[in-house]
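Fit chains B and C to the supplied structure of chain A, relying on the hints for placement.
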Amino acid sequence: MELFDYKLLLAVPAIPIVGYVIQIFFGRHLPRKGDWMLTGGMFVVMCITVYMFLTKAIGFEPSPGNAALLHESAKEGGPIFGWLYSSAEKAPGFNLVAGIMYDGLGAAMLMVVGVVSFFVHLFSLGYMNGDRRYHIFFANISLFTFAMLGLVLSDNIMFLFIFWELMGLMSYLLIGHFAQDPDSPRITHAAAACKKAFLTTRVGDTCLLFGMALFYWKFQTFQFTELWRLSAEEVARNGGEYPMWMTVGGFFIFGGTVGKSAQFPLHIWLPDAMEGPTPVSAMIHAATMVAAGVFLLGRTFPMMSPEVLAIVTAVGAFTALFAATIGCTVNDIKGVLAYSTISQLGFMVAAIGTGGLGLVAGLFHMVTHAFFKACLFLSAGSVIHGCHHEQDMRKMGGLRTKMPITFVCMTVCTLAIAGMPLFSGFFSKDRILQGTLGNLFTQFRGASALSIVALSLAAMLTTFYMFRLIFMTFFGEPRDHHIHDHAHESPWPMTVSLMALAALGLFGGHFWLLHPTDPLAQGHHGTWFTQLVDWKTMYGGVFDPMAANMIVDRYNPYHLVDGQYVLDSAIVAAGTEHYEHAVHGAHYWALGISLLVLSLGLFGAWLLYYKRKVDPARITGALGFGYDVVRDKYYIDEAVDGSVIKGTMWLSRVQKWIDEKLVDGLVLLVGRIGKILGYICSWIDKYIVDGAVNWVGYTTQAFGSVARLFQTGRIQQYISFAVAGGILIAAVHILT
Amino acid sequence: MPETTSTILTWITFIPFIGMVAVLCAPKQNLSLIKGICGIATFIPLVLATQVYFGSFQKGTSEFQLVHFAEWIPLMKINYHVGIDGLSLPLVWLTTLLLFIAIPASESVPRVSKGYYALLMLLEVGILGVFISLDYFLFYVFWEVMLLPMYFLIGIWGGPRREYAAIKFFLYTLAGSVLMLVAVIAMRLDTGTFSIPELVRIGGEGGFTGPALLGMKFTTWVFWFLYVAFAIKIPAFPFHTWLPDAHVEAPTPISVILAGILLKLGGYGLIRACFPIVPDAFTTFAFTLGVIGVIAIVYGAYVALGQSDFKKMVAYSSVSHMGFVLLGMAALTEWGMNGAALQMFNHGTSSAACFLVVGVIYDRAHHRDLNAFGGIAQSMPRYWALSTVAFFASLGLPGMAGFVSEFMTLVGSFQSADTRFQILVLISCVGVVLTAAYILWALQRVFLGPLNEKYKDYKDITAREVFSLAPLLILCILLGVAPFLLLDWMDSSIVQLMRQLGSSI
Amino acid sequence: MIPVGAYVAVSVALFALGVICIVSRRNIIYVLMGIEMILNSASINFAAFGRYNGDGLEGRIFVIFIIILAAAEAAVALAIVLNVFHLFHTIKPSEVDLLRE
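Protein chains in written order, with the working numbering: chain A, 359 to 1094; chain B, 253 to 757; chain C, 228 to 328.
Over 10 Å on every C-beta distance to chain B, these chain A residues come out as not near it, computed from the model:
(1) Phe384
(2) Lys391
(3) Phe622
(4) Phe829
(5) His846
(6) Trp886
(7) Gly943
(8) Leu958
(9) Tyr992
(10) Tyr993
(11) Gly1049
(12) Gln1074
(13) Gly1083
Below, simulated DSSO-like cross-link-like pairs (lysine-lysine); rule was C-alpha separation at most 30 Å, straight line:
(14) A:Lys433 with B:Lys311
(15) A:Lys1014 with A:Lys1033
(16) A:Lys971 with A:Lys753
(17) A:Lys1019 with A:Lys1033
(18) B:Lys711 with B:Lys287
(19) B:Lys711 with A:Lys391
(20) B:Lys711 with B:Lys366
(21) A:Lys433 with A:Lys576
(22) A:Lys391 with B:Lys708
Everything labelled a hint here was simulated from the structure, so no lab data went into it.
Glycine included, each C-beta is placed from N, C-alpha and C at the ideal position.
Here chain A stands alone, though its shape is the one from the complex (with noise of 0.2 Å):
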């Protein structure tokens, strides 16, 4: 790439950063407080990540020269940013350079998080009109996103790590944005749910940073296309099998997407941020915050061993299952969305374990999602602001008339998360179950046995809670008439962000998987996506992703040589129609479970929510306990309370107990014994040696006392007693 390509790219994130700072200390002074400013600014990154992504991404073929879209500046003299050291004479495993790196993941997540990124700032424009911090809500916003944007251009994990954990921060202060604001109801709420979103994300973040740091300690590298090089040398000479401490460290980084990605056990935080503005739901949830767990996943792929990925895709796949089942239960209209997304990662994180075709699917998947479910979240944002801030869904219903566009762009987008054909989630989500079976066809693994079974039940019941919202909101009778006599449609920067990105839900598949000069042309390795995003060429040709899960289970038919993709020699010795069978049942399989849980869910939905043939309440009251158990989230919040939160405070009182009591009281010990002794000390003193020089001074002192009676004062006395010695002097003068 050229300089100026680099200087575009660098303006990516400077933007946000710059309107950032420009906004904290004078957006309150700016006309309309500034947010025109910041809109704009992310109107000119849009431009400039679609305008990069159309000259370097389209018409990207790989050839053998040139097998895969990967672009550093390290490398190809663009700007660099030595970190810690500026000297240059600093040995590289010393120091730490950045740069930008521009590959064929981060193009499409960079157009993604700038197009998604711009339309919830035009959104917010509408929605947070009014607000009591609406200029620091339009900064903070800003920095999330220039946080994001600098996450996907990184080119090492340090800096991935950097702004990963900045956007901890900033989903902390925007969840907490309510919690400074006296006229919220929920300001006690808010002010513990960034807490919560902060302190859990950060249990992953620091898991991560000891994975990067055991990384670093083999390798002496941050650089991902250096750890991907040196991963497949390790591999290579531990004879194909990934060694014990990488299975170790690519564990702790997986840590790391559990926590931002929001997987059991730690997506208690998801649901809880749900206490923040509307927009920031939508760009926490869809294209910044939870994204870059994903995004991490496809970075550090090359780096995980089997053993990882499959507990990758066994914890993808449980999170899945296990948050739709609550989405079924929520009454929030926000809540049944947060646990959707939760489902969805799960889905893309068990795709990713599966690797080959899953990898591609599961990333796939994050780029389809962040469209739709953005404006899915919009859209709830929007019926909450034409409800005056009513978020249940039992007080709403009958929308459909009183917000036409909302409830067409909310509808778009729910049969693109139900995995409706020909819209953009029904591609991902097809092609996730795809990758999922060709994985327990070619090769039967437990965890992609497991994710299956779990992927397709979760998806069945994606499209039953979707649903369910769409019919409790917008159809049937209104069931508060205030609420629905005073709704109204939103005003336009909100229905035209709408509108586009529900375009961007209808039609974003298509477009990722058209061919990318070739619109007609359509196969199964020859579309746009999979050509950008290929576990074959994704990483560089550095890597080859699968050798070392080939040899240790068999599960993936290719083999780099000489720079080209073969297949295993085993497979054509086997006669490549049974590879070919599997592949292609994978395929059909995938098609038929998708459809029929897309019309299980549907059906069950229509039945219960919009014919009203069955109560729901019938079927909840034969569940029993069960429901129960589901509607209450199967009291994690109340376990993790119980168990680590009471847990940690009370080693902290056992701890202030033992600074205050034994290591203080052992220093007070000291002293006191000291002042004791000095007490001992001081009794001896007084009483034994300075009582010795004493007694000399009462001795003399008792002599002059008994000297002292004769001595009168009396002159005439003195004389009597001078006659007296007289007398007596002579008298024994004279006897003797």
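Leaving out everything else, chains B and C in the frame of chain A:
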């Protein structure tokens, strides 16, 4: 015998002394004149130190620079020998900055008087002297000079239990000083010199010939004596209990200086005047030191979590953060050592900022009970913004200074030749999470949620308070974005230190 | 010629009277007079022994000295007495016991 190359260090150190004399001569009713004198007497060293930092100081060499050498007591071979290298220069600069900041911050100290300012000036002389001394005797003298004003500043201008805290501080530190004195005299008798570079050279060659005592080698004795002397200052577990008391009772500017610089004297002493002198003993006990560091990190964080006194919480966070210094040093890797040295500086800015922040709310509410606040962000939004920066810097948020040093320490420790350090890193990660927990919890209880009616009319942070706080916060962010502004300066000295400690770099 | 013993006897008597006078009298003037008597008894002794000792004027010279000394002493003593009276408003020697302290 070293050549005198510059007297600027002597000027930096003794201009505050001139200031002290001037303060003593000034009439005691005219406090504004006294403040003016102090402002000038702290500003000139700051300017000079900045000039040294960006001007006279040569990067890329580990030699002592700007040396000033003069015979002091020839009979005992005690010399006035001062100089700086990459380890001491940042701390000297930080000292001049914090003392300059302390002058406006002293405005809020109750019963502030002429004597207070004079003692503050004397304190600066003592601290700067310790950082630049290259003669152990001189080092000891300055060490004691610094102790005395601190005692009075806490004991006279402190809170309700000030006498207790001051005496505890004084006795504790004095106990350490005595151990140091014993070690210094023992080394003097053994080698015949007080010069620190000379002792480092002799120690590196294994030149100590002193007798073993009670089954422990001479160097081991020297090591532990010096270690305890400096560990009390750091303060490392279990010698830390003077710190919370001293902090809680000390007035705000004194807390700032205490956390910002005095604690660094311990860490600085270790890498300047303890480890390189007895490198073999250090390598023997490195793991023990690492364990102590990790205990401090985790234990300090836990205890901080359990506090309900705002200032005490910040004080324990200091214990926790200074644990990183010990861990990084003990790992004996370049990143670990750099991280430790960096952490000293960064903790100096972030914890000083935190104490200033606590001081602001204490001046208004006259209590520090975390549970009694609430919603202050609504009545003092600018204060909330600045506090967030200060506390997130302390929390180690990326993009801020604390993160760089913590991550360098952790990654560096992980690479230690002694793989047991990896377990220590894993444990200290718990401390990292706990740090976030107590800071966020405190922020929530003080700033967020519904506004406590009592605090409705508090006026927002004043220009004077911002003036004290802003330089520190700017440093926190600047050094997080561009840590090379410090690391470039320290690097050569760290490499040299690593060689002295027997590392193969 | 009168034997020397007679002089000595008078002198002894005079001395004894003087001592008694000093010891027993309550008035400081009498005490002074007692001192004068002792001095005179000494003078008598000097004169008598000088005469009996043959030639020379030593005895008489001492007597003259003593008389002069007694006069001076009486002057000083009376001045002291006046001061004592001034201080203590009494001239009883038993009550003037400052020396004891």
